[in-house]
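Asker: Protein chains in written order, with the working numbering: chain A, 2 to 109; chain B, 451 to 564.
Heads up, a few of these hints could be off.
Quick list of in silico lysine to any residue cross-link-like pairs, SDA-like style, CA-CA up to 25 Å [as the list claims (entries may be wrong)]:
id : chain 1 : residue 1 : chain 2 : residue 2
1  : B       : 508       : A       : 97
2  : B       : 551       : A       : 63
3  : B       : 559       : B       : 452
4  : B       : 551       : A       : 6
5  : A       : 58        : B       : 508
6  : B       : 551       : A       : 73
7  : A       : 66        : B       : 452
Calculated from the model, a selection of chain A residues having no Cβ within reach of chain B, i.e. all distances over 12 Å [said to hold, decoys possible]:
id : residue
8  : 7
9  : 13
10 : 16
11 : 79
12 : 108
Note that these hints are calculated values from the structure, not bench results. For glycine and all other residues, C-beta sits at the position ideal for the given N, C-alpha and C.
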Amino acid sequence: EAAVTQSPRNKVAVTGGKVTLSCNQTNNHNNMYWYRQDTGHGLRLIHYSYGAGSTEKGDIPDGYKASRPSQENFSLILELATPSQTSVYFCASGDAGYFGPGTRLTVL
Amino acid sequence: GDSVTQTEGPVTVSESESLIINCTYSATSIAYPNLFWYVRYPGEGLQLLLKVITAGQKGSSRGFEATYNKETTSFHLQKASVQESDSAVYYCALGHYGNEKITFGAGTKLTIKP
Numbered sequence: 002e003a004a005v006t007q008s009p010r011n012k013v014a015v016t017g018g019k020v021t022l023s024c025n026q027t028n029n030h031n032n033m034y035w036y037r038q039d040t041g042h043g044l045r046l047i048h049y050s051y052g053a054g055s056t057e058k059g060d061i062p063d064g065y066k067a068s069r070p071s072q073e074n075f076s077l078i079l080e081l082a083t084p085s086q087t088s089v090y091f092c093a094s095g096d097a098g099y100f101g102p103g104t105r106l107t108v109l
Numbered sequence: 451g452d453s454v455t456q457t458e459g460p461v462t463v464s465e466s467e468s469l470i471i472n473c474t475y476s477a478t479s480i481a482y483p484n485l486f487w488y489v490r491y492p493g494e495g496l497q498l499l500l501k502v503i504t505a506g507q508k509g510s511s512r513g514f515e516a517t518y519n520k521e522t523t524s525f526h527l528q529k530a531s532v533q534e535s536d537s538a539v540y541y542c543a544l545g546h547y548g549n550e551k552i553t554f555g556a557g558t559k560l561t562i563k564p
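Let the sequences and hints guide you as you build the complete structure.
Answerer: Here you go:
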């Protein structure tokens with residue numbers, strides 16, 4: 002069974018601060034994704050990656066950067082966090098099937 | 451762009467009754483997308499419940515079924531007799547070939563009354 006883990010699971014940040022959300026997968030999937038989920042919306046794609054060294058913009062990339070230093074790890078970076086980025090963030094890997102447990106981010 | 455519209459929640463159903471959660475889709479760049487239902491149980495991560503990649507086919511899992519109807523662009527989720535353990539949030543979604551990008555519906559929160 003593929004495993005996708007995220008850290009931290011909960012994060013409180015201040016406006017203007019830098020936030021890094023980490024994702025690790027152990028099933029050797031090439032594709033990895035970052036989504037955010039807000040009340041009244043489905044999951045919306047922020048960035049994704051086809052493999053180590055690759056990052057692609059999703060549907061709502063503004064205010065976010067991504068980094069894929071290895072096959073296993075995919076990070077989402079908020080250089081200057083804003084309250085509008087308060088949300089639950091999900092990492093996923095593989096072909097549609099494997100999601101992490103989510104990170105709840107609150108930006109004050 | 452692509453879009454998915456599903457039954458707006460919350461939905462409450464009594465145990466052992468039947469359930470249908472409606473889902474319709476619009477895929478602007480592909481005629482026959484792949485269709486999915488995901489589920490998120492309380493305190494857990496998102497899980498793939500079922501998927502269908504061929505128009506006209508039916509997918510099933512854990513007593514749930516959904517049929518890919520290309521004429522009505524629908525993929526409704528049904529269950530004949532729900533259980534309390536089915537309480538969760540259900541998401542309809544579509545993906546293109548390779549599923550690099552998946553578009554999700556807003557989710558339907560389902561509560562089963564004992």
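Asker: Give a verdict on every hint.
Answerer: Going down the list of hints, with the structure as the test:
no., hint, in the structure
1, B:508 to A:97, "holds, 18 Å"
2, B:551 to A:63, "holds, 17 Å"
3, B:559 to B:452, "holds, 22 Å"
4, B:551 to A:6, "holds, 20 Å"
5, A:58 to B:508, "violated, 33 Å"
6, B:551 to A:73, "holds, 19 Å"
7, A:66 to B:452, "holds, 24 Å"
8, 7, "violated, 9 Å"
9, 13, "holds, 20 Å"
10, 16, "holds, 27 Å"
11, 79, "holds, 21 Å"
12, 108, "holds, 22 Å"
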